[in-house]
Every structure is written in structure tokens, then in C-alpha cells.
Amino acid sequence: MLRYSAKQLLNMALTLFAVSFLVFALNELSPGDVARKILGPYASESQVDHLTVQMGLDRPAIVRYFEYMGKALTGDFGDSIVFRMPVADLMFDRLGNTLLLAAISFAVIVPLSVVLGVLAGMRERGWFDRTISVFSSMCASIPEFAMGVFLLGIFVVWLGWLPGTSPLRSDSGWAIWMQFVLPVLVVTFYDAGYLIAMVRSSMVEVMRQPYIRTALLKGMSFNRVVSRHALRNALITPFTVILLQLNYLVSGLVVVETLFAYPGFGRMMLEAALAKDIAVIEAGTLIAVSVTMLTQLFGDLGYMALDPRIRV
Amino acid sequence: MADVLAFENVSIAYDHRSGRQNILRDVSFTIADGEALGLVGESGCGKSTVALAAMRYLPRGMSIVEGRILVEGRDTAGLTDHELSRIRGNRIAMVYQDPMSSLNPVMPIGRQLMEVPLLHGETDEAAAFRRAVAMLEEVRLPGAAAMMERYPHQLSGGQQQRVVIAMALMAEPALLIMDEPTTGLDVTIEAAILELVRELRAKFGTAILFISHNLGTVARICDRIGVLYAGRLVETGNIASVFHAPAHPYTRGLLGALPRLHGGRRRGRLRPIEGTIAAADRARMGCAFAPRCVYAVRHECEERPVPMVPANGSDAHLARCVRLDAIRASAADAPTIGNDEPVAGDAPILLSVRNLTKEYKLGGMFGGTGKVVRALTDVDLDARAGETLAIVGESGCGKSTLAKIISGLLTATSGEALIGGTDVATIPVDIRPPDLRRQVQMVFQNPDSTLNPSHSIAYALTRPLRLLRNLANRDAKAEVSKLLAQVRLPADMAERMPHQLSGGQRQRVAIARALAGNPGLMVADEPVSALDVSVQAAILNLLAELLESSQLGLVLISHDLALVRHMADRVAVMYLGRIVEYGPVEQVFAPPYHPYTAALLAAAPTPDPDAEPPDRVLEGSMPSPTDVIVGCPFASRCPERIAGLCETTPPPVRRFGEHRIACHLDLDGTPAQPAAETGGRVGIRSSIS
Numbered sequence: 001m002l003r004y005s006a007k008q009l010l011n012m013a014l015t016l017f018a019v020s021f022l023v024f025a026l027n028e029l030s031p032g033d034v035a036r037k038i039l040g041p042y043a044s045e046s047q048v049d050h051l052t053v054q055m056g057l058d059r060p061a062i063v064r065y066f067e068y069m070g071k072a073l074t075g076d077f078g079d080s081i082v083f084r085m086p087v088a089d090l091m092f093d094r095l096g097n098t099l100l101l102a103a104i105s106f107a108v109i110v111p112l113s114v115v116l117g118v119l120a121g122m123r124e125r126g127w128f129d130r131t132i133s134v135f136s137s138m139c140a141s142i143p144e145f146a147m148g149v150f151l152l153g154i155f156v157v158w159l160g161w162l163p164g165t166s167p168l169r170s171d172s173g174w175a176i177w178m179q180f181v182l183p184v185l186v187v188t189f190y191d192a193g194y195l196i197a198m199v200r201s202s203m204v205e206v207m208r209q210p211y212i213r214t215a216l217l218k219g220m221s222f223n224r225v226v227s228r229h230a231l232r233n234a235l236i237t238p239f240t241v242i243l244l245q246l247n248y249l250v251s252g253l254v255v256v257e258t259l260f261a262y263p264g265f266g267r268m269m270l271e272a273a274l275a276k277d278i279a280v281i282e283a284g285t286l287i288a289v290s291v292t293m294l295t296q297l298f299g300d301l302g303y304m305a306l307d308p309r310i311r312v
Numbered sequence: 001m002a003d004v005l006a007f008e009n010v011s012i013a014y015d016h017r018s019g020r021q022n023i024l025r026d027v028s029f030t031i032a033d034g035e036a037l038g039l040v041g042e043s044g045c046g047k048s049t050v051a052l053a054a055m056r057y058l059p060r061g062m063s064i065v066e067g068r069i070l071v072e073g074r075d076t077a078g079l080t081d082h083e084l085s086r087i088r089g090n091r092i093a094m095v096y097q098d099p100m101s102s103l104n105p106v107m108p109i110g111r112q113l114m115e116v117p118l119l120h121g122e123t124d125e126a127a128a129f130r131r132a133v134a135m136l137e138e139v140r141l142p143g144a145a146a147m148m149e150r151y152p153h154q155l156s157g158g159q160q161q162r163v164v165i166a167m168a169l170m171a172e173p174a175l176l177i178m179d180e181p182t183t184g185l186d187v188t189i190e191a192a193i194l195e196l197v198r199e200l201r202a203k204f205g206t207a208i209l210f211i212s213h214n215l216g217t218v219a220r221i222c223d224r225i226g227v228l229y230a231g232r233l234v235e236t237g238n239i240a241s242v243f244h245a246p247a248h249p250y251t252r253g254l255l256g257a258l259p260r261l262h263g264g265r266r267r268g269r270l271r272p273i274e275g276t277i278a279a280a281d282r283a284r285m286g287c288a289f290a291p292r293c294v295y296a297v298r299h300e301c302e303e304r305p306v307p308m309v310p311a312n313g314s315d316a317h318l319a320r321c322v323r324l325d326a327i328r329a330s331a332a333d334a335p336t337i338g339n340d341e342p343v344a345g346d347a348p349i350l351l352s353v354r355n356l357t358k359e360y361k362l363g364g365m366f367g368g369t370g371k372v373v374r375a376l377t378d379v380d381l382d383a384r385a386g387e388t389l390a391i392v393g394e395s396g397c398g399k400s401t402l403a404k405i406i407s408g409l410l411t412a413t414s415g416e417a418l419i420g421g422t423d424v425a426t427i428p429v430d431i432r433p434p435d436l437r438r439q440v441q442m443v444f445q446n447p448d449s450t451l452n453p454s455h456s457i458a459y460a461l462t463r464p465l466r467l468l469r470n471l472a473n474r475d476a477k478a479e480v481s482k483l484l485a486q487v488r489l490p491a492d493m494a495e496r497m498p499h500q501l502s503g504g505q506r507q508r509v510a511i512a513r514a515l516a517g518n519p520g521l522m523v524a525d526e527p528v529s530a531l532d533v534s535v536q537a538a539i540l541n542l543l544a545e546l547l548e549s550s551q552l553g554l555v556l557i558s559h560d561l562a563l564v565r566h567m568a569d570r571v572a573v574m575y576l577g578r579i580v581e582y583g584p585v586e587q588v589f590a591p592p593y594h595p596y597t598a599a600l601l602a603a604a605p606t607p608d609p610d611a612e613p614p615d616r617v618l619e620g621s622m623p624s625p626t627d628v629i630v631g632c633p634f635a636s637r638c639p640e641r642i643a644g645l646c647e648t649t650p651p652p653v654r655r656f657g658e659h660r661i662a663c664h665l666d667l668d669g670t671p672a673q674p675a676a677e678t679g680g681r682v683g684i685r686s687s688i689s
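Taken in sequence, the protein lines are chains V and X. Mapped onto our numbering, the consecutive letters of the first sequence carry residue numbers 1 to 312. Mapped onto our numbering, the consecutive letters of the second sequence carry residue numbers 1 to 689.
These are calculated hints, taken from the structure and not from any lab test.
Facing chain V, a subset of chain X residues (Cβ under 7 angstroms, in silico): (1) SER85; (2) ARG88; (3) MET94; (4) ASN104; (5) VAL106; (6) LEU119; (7) TYR151.
Note that CB positions come from ideal geometry on N, CA and C, so glycine has one too.
For reference, chain V alone in the conformation it holds in the complex (with noise of 0.2 angstroms):
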């Protein structure tokens, strides 16, 4: 196992490795430039040409993108033009309020899509497997500004109990924590129908395995059988699927960043790609993948945990 991790390892920074060139070069190649951009389109000729040489713009690509990762190894990578600070910092700051974000509604969505899914899917169209059948399916295909909207109008404009923004700044008149009640609950919605969906087929399908009824017909009763030997069995297929929404929810929450002014990693990499910030794009990149293959490697190693068939 330890083998693995470190064979596992060596892969994620060659592939880290392997990003950063591509994104370095993708950015490299695009249309538009770096200094134009930065000093608009009413400056001149000469002063767009003087800015390239001060950030050393003319040099060879090759050089630079050296250059880049040499400082990125030690925690420098450039500085942001939209955001107007060292990416490092930006990023630190972003990526720490999407982190905590991320981490309510893993800790919601998780345990509520378990229990949902196994009490589903245990009694295959019983009357609770048709009552969550329907509302997983009915949240999982209402989208998140929709379900946004929905909230926003019911809990702000209507009842007025909590904020409509989440800047997460304590000037704004509303405690942190009340601050985050409607992003959460935006996402664990979205998030959960899928999940308690995934959970509960998972279920169904342990629930017809002949192994039960070994279980059921040794004597064991119902709520034994499902506990010492569907559970484990059940979770198999959707851990990966689980920890997979660790991606979702730290790259991918553009929309409901964006639809509650929260100051998170999604919403920064969407105005950095409006802006061609490349040093913050190029950060970023490397900051989702390296998530990505995080979330891989302890799912492979719960994955091996959950199931003694799996060994590497």
C-alpha cells in the first residue's frame, strides 16, 4: 500500500508537471497581449513595447516557462493583474473560504445521501424508496441558480431571515455563519439528489445479491441484514463517486459563488479567465488538478480499504 502511495505520488507531479507545460503553452499561444491588455487599448505603441521588455515578455517562452516554475517551486507564482496582488496570497485567501465551504456541505451532503440512499434503496419500491426516488431526481435536475433564485426569493425577499450575499465580511450586518446557510444549502440540493440517487441504486442492486439472502435466511433479522451486510457492500460503488464531489465542490461552484458575491476559487478563476490573468489561471490550473488526483489517490485507498477483493 505504501508502494502505491508513493508510485501514485511520483505519478501526480509528473502530471503536475505535465499540466503546467500545456496551460503555460495553451496561454502562450492564445490571441492577445500580455501587456496590452494590462495597460488598455489607449496606450501607446511604445509603452506596450516598454512594458514587455520590463516584465520580460520578449525573452523565448521556453525560458520564461523555466523561469516560472522555478519560482512557483518556491511559492512565488507572479502577480495578478485583475486582482492587483501576489497570486500566492489571492490564492491562499480564495481557496480557504471555498475549502471551508466546501467542507459544511461535504460534511451535510455525505452523511444525508448515506442515510437517504441505504433507506431508499433497501426496500426497493417501498413507499420511502418512491418518496426520495422523486425528490433526489427533482433536486438533482433543477439547477443551482435556479434553486438559487427559489431560496433567495423565499428566505431573503419573502421571510427576510437571512442574507442575500455572502461576502463573508462581518460589515455587512449579518453574522459569517448565517452568511453561509443558503450557498450550503444551494449545493447540498444539487449535490445530494445525485448522490442519494447513486447511494440508493447502489443499495437495490446489493439488496438482490444472493449473499443476502445467505444472511436473511440464517436466521438474521431484516434490520441486521441490512447493516452487517448490505452497508459496506452498498458503499463500494459510490465511495469513488462520493469523493469525486470534493472536485465539484472546490472547482466547480462558479455558479453559486458567483450568485451569492461569495469570495471563493471558482469565482476568482472565472474572472481571471475573463481578464486573461494568466499568472492567476496558470495557479489555479495547477491547484484543481493537483485536488483532482487527491481525491483519486484516497479514493483509491478507501476503495482498497472498503473491499478486500482490491489489492494493489
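Since the structure of chain V is provided, determine the placement of chain X on it from the hints.
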């Protein structure tokens, strides 16, 4: 004392949207303390429903509409879930068909065994543990204590079934229900499991309800037998009287359709039961078998319910038939015995395989592990026109690999396979020239998955005609009808879709598809093992007719020795990728034997209650194909191993004319080379009992 299990006129129905379907009708039987009752019947006859009903565990939608089921005198109808859970696993326990899927894959087997006593009164974990270890020893699992920690996937199929049996016996139940406990296991493993069941039964005195489609396994285990057809018991009686004097035409048909180990070669014919079982048969007022019965008389058989009547004047042997007298007067339905005149041996050789070897290198992402799987080692054989070459052996012996190399689905590592002078061993099928491709055609085991469900039969047959024989559309159409006639299917089948055909009809289409290329050689990989006995017989007869009427050569791959005895002209017995015995069928099935052939023959269940149980059963299982074998591949399991010789030296090939045996034992009983350690003389066994 009350019977352990009693079914009293039980009818079970399945309710669905389009109405009610009868699954079981008026089924009555009893199992006394310590008695073993066998239930036989073909797929869909309702035998598994009997097992589940006894456990009071019916699938959703199924219910008992009539009759009572009594367990030790108690009607199970009124029992609560809690009361039922005290019977299940405790008074009645069950052993299932597929042991792998019957065990929880993520729980060590020890824990799964311990659950049984812990559920039924035992409170002490340590005592439960000791009991589980003791039971694993009872079922002859080596290293029982270490075995407790293992997961199901770490055991072989035979070991898994032993664990399931141990689990069933943990609470010393009064009744053990075994539902096809050896189906899917190799014949030597099957024999070992059946022996174990016999022993355990003698020791614990457990009553057994043994459900199987295989008459041979029932004959080996049971005292009494019940034959189910379309949800009705059609015959019950002592095993000896039913096997020796079957009364019901269906029972007679089943016995007549079975190829026998001691029958002759294929110049004899089996007696298939005509027609197939239809869903409507379950709803019939009268005899469900009447539509397929040659003795049926309309007004007598079909117009009123048929009662069970004494078959031979005794109440111990009953049959549900009104025409018993007429049937008794007619001749017995024994399969015609073929003659065993030796094959001429001058038929042209279609396929000649020499030193064929297939290896796979195991490797991961970061280079190979250095392990090599040897799937085939130095295989030599010939297939001749108009003859059947059978390849027998247990799963993993390499017989399917050999078939795939011949047909070009795999390529060999070394050696040659000559077809019409061309070595095809390393030519994959997609680059074989059309004429060579046409020469070899395959028939696979499962006709359901080999026919494309979205294409008509005509399409399935037209494609090879156009691709392999360049026929124009109109010619192909005429040829399709000819092919269908050749496999005894009506011409209007051409427009049907595969799902509209029965399993036997689909396999006929698969054979017609293979014939479409007008091949020299047909390779059939377990062509009938997915089919019911009565259907199987018809397919075998068809193949035999095809061979006699043409110069077609057949390579028949099978694990069923009786079938091979019936069909083959020559036989190759394979073990661990090597041919251990090869020769004309009457010589391979007669002494002298290779010890492996002897073990296979002894293990094969025969539908004869008087047959002696095998005097010895092979222990252990086939070595892993990654193991490096220096001596004889069979040495690790051979009951006649010569210590110090067999493990270290490859066996010499002994030839008796065309018959050859790779073994250190000599014909007259002396070891081939003087072995240092052996004192006594050991010989190839001159007979099997």
C-alpha cells in the same frame, strides 16, 4: 415424530400486471427425519421455488394460494418474522448454487460462520469461534483456523462450497436444502462435494432436500426422488424404483435423453423429448406434459386434472399419468447403443496440431512481474474429416484456449496448427484469407449471447454466406432455407428474431450459422452445456447426423464425459495445458488409463442408483498456470504418484498404437524408470469401480 418438512397440496402463484401465473400446482411430499429427497426437473419447472417456499422466503409477487407447508409439524403460514428467523438457519438451512455469490465478499468467512450460532442462542464469541473452526474441519478444509480470516474470493470454488455447507450445518439443522449445490463446479470437485455430503449426512443424520437438474447427482445422494414438470410433481418414489422402472413418460424421456458413460459411440442415437415446455402448459387443466407426450390421448389426458396413482402397484411409487398401462406395455426408452467398431483412421486429416504452446506474460504498468502463464504446452493432435475429436478436461485446462487458437481468436506462442497445409497457429482470424476463414467455424456455449438480438435469423445466416462464400442476395436467400432445413428448423424461422426462439432453436441457428461457410472443421465449445437435458439430446443427434452425412470434422470441447463417450471418435484429455491422454474413444475410456482420466471417469455422476460411489476422490485443485512445473503436471494431485520421480521428471509418452498416455506408470505396473524411493510396485489402474 412429525416429518421434518411436509408440503400438502401446495400451489404457488406469481401475480403480475397481466394476471396470475401458476408456479407450483398441487405439490405434495414429505421428508422424514434423516431422509434425503431429490427433486429433479429442467429449468423453469419450479424446483427452486419449492426450496424458497420451504424457507418461507418467496420473491415479491409470489404467494401460496393453496395448501400448507409444515416444518416439524408446524404450519409456517401463521409464523411471525421473528418466529421464522428462529427456524431459518437453525432448523432448516440452505446451500446454494453459486457459492461465490452466496458469501458476503467483504466479510471474512469466519465471521460469517460465527454469525449462525450467535443468532441461534450462543452468546459466547469464543465458543462460536471454536464451533466454526470445528465445522471447517468437518468439511475438510485445510488449516481451518487460518481459513477463518480469509475472504471468499481467496478460496477456490470447491472450498467456497465447503464453507457454505459448513455454515448450513453450524446449527445442526434438522433439514438441509441444497439447491443445485454442485452446478458450475468441476466434475472432480463435484464428486468430492457429493462425497462430503454423504459423509456428513451419515454423521449428523440431517434430512436433505436435494434439488438438481442432474439425475446423476441425485442418484448418488438421495433415498427418494420427485420429478417436477411445469410446476407439478409427475412422479415420486424410491430412487431405485424410479430409475429402474420410470413410469411417467417425462421421467422416461429424461432418462432416455441422457448420454451414458458406458454407451457406445455416436452411431447410436439419444431419444430427445420432442417440443419445449410452454408457459401455457402451467395453466392446463389436465396433464401439463400432454403436448409433448407420444402416449397422450386427448380426452383422457387433457380434459380433467390427473391424479397421482400408484405406478407399479405400490403406494411408494406414484406417477401423475392416466396412461400408465399403455406406457408399461411399450418398449423402454433407452438410448440406442452404438457400436464401438474402431474408426478406420484413413480419413483425411483436416487439422494437425504440433507442439502448440501458448504463454502469456503477466505485467503491470511498470514492467512485467516476470510471471508467465502457460496456457498450453506442447499440444499434439489431429482432427479428421467425418470424425469427432473431443477435448475434455476441467476448467482452466486450456481446452478453450486451444479452440480459440484453431479459430484464430488467439495466436500461439510457438508450435503449429496446420489446416490444409497452412500453419494458422499465429495468424489471427482477421488476416486469414477468406477461404481459410471459411474452413474453420465455431459454435459457442451460450446461444443467447452469440446471436445479435436485434437482427433476424435470416440476417444472421445471410452474412456469413455473403462474406465467406460471396453469394449474391438471391442465392443467399435460397441457401438460408437449405441451412434451416439442415438443422431441422422450419423455413419460416428465418424471419424471426432470436428472442422468439427457444434455447435449443437458437443453438440450431448457431450451428446453421457455422455451416453457412461450408466449413471443413467445426469447433464447438461446450455446445449443449447451457441447454436442458431433453433439448441437449436433440442437438447432439443433429450434430451426429451432420457428421454422418458430410465430410465435416468436429472438434468438440466438453467437460461432460458421458457426452464425449457418446459423440467422440477420438479424445484428448487435457490437464493444465497439456494432453495427458489421447486416442480413439473406446481405448481412452477403457484401461489402461492415465490416473487423471481414471479420476475423471470415477467422478462423473451416472444416473444409476446402484453405481458404487467413487472409491477415491481427487484432493486439492489444479496448480496455478503460473507455477513452474518440471515434472508431471498432475503429480500434485495424483493418487498414484511415485515420490521423487513424478514431481521432478517429465513423464514419458507411452504409445499403444494410436493411443498415448503421458505417465511414469508402465502398462504392466512397473515404474518407467527405477525410482530411488519407491518400494512397492504401482501401476496404471487396470479398472475403475
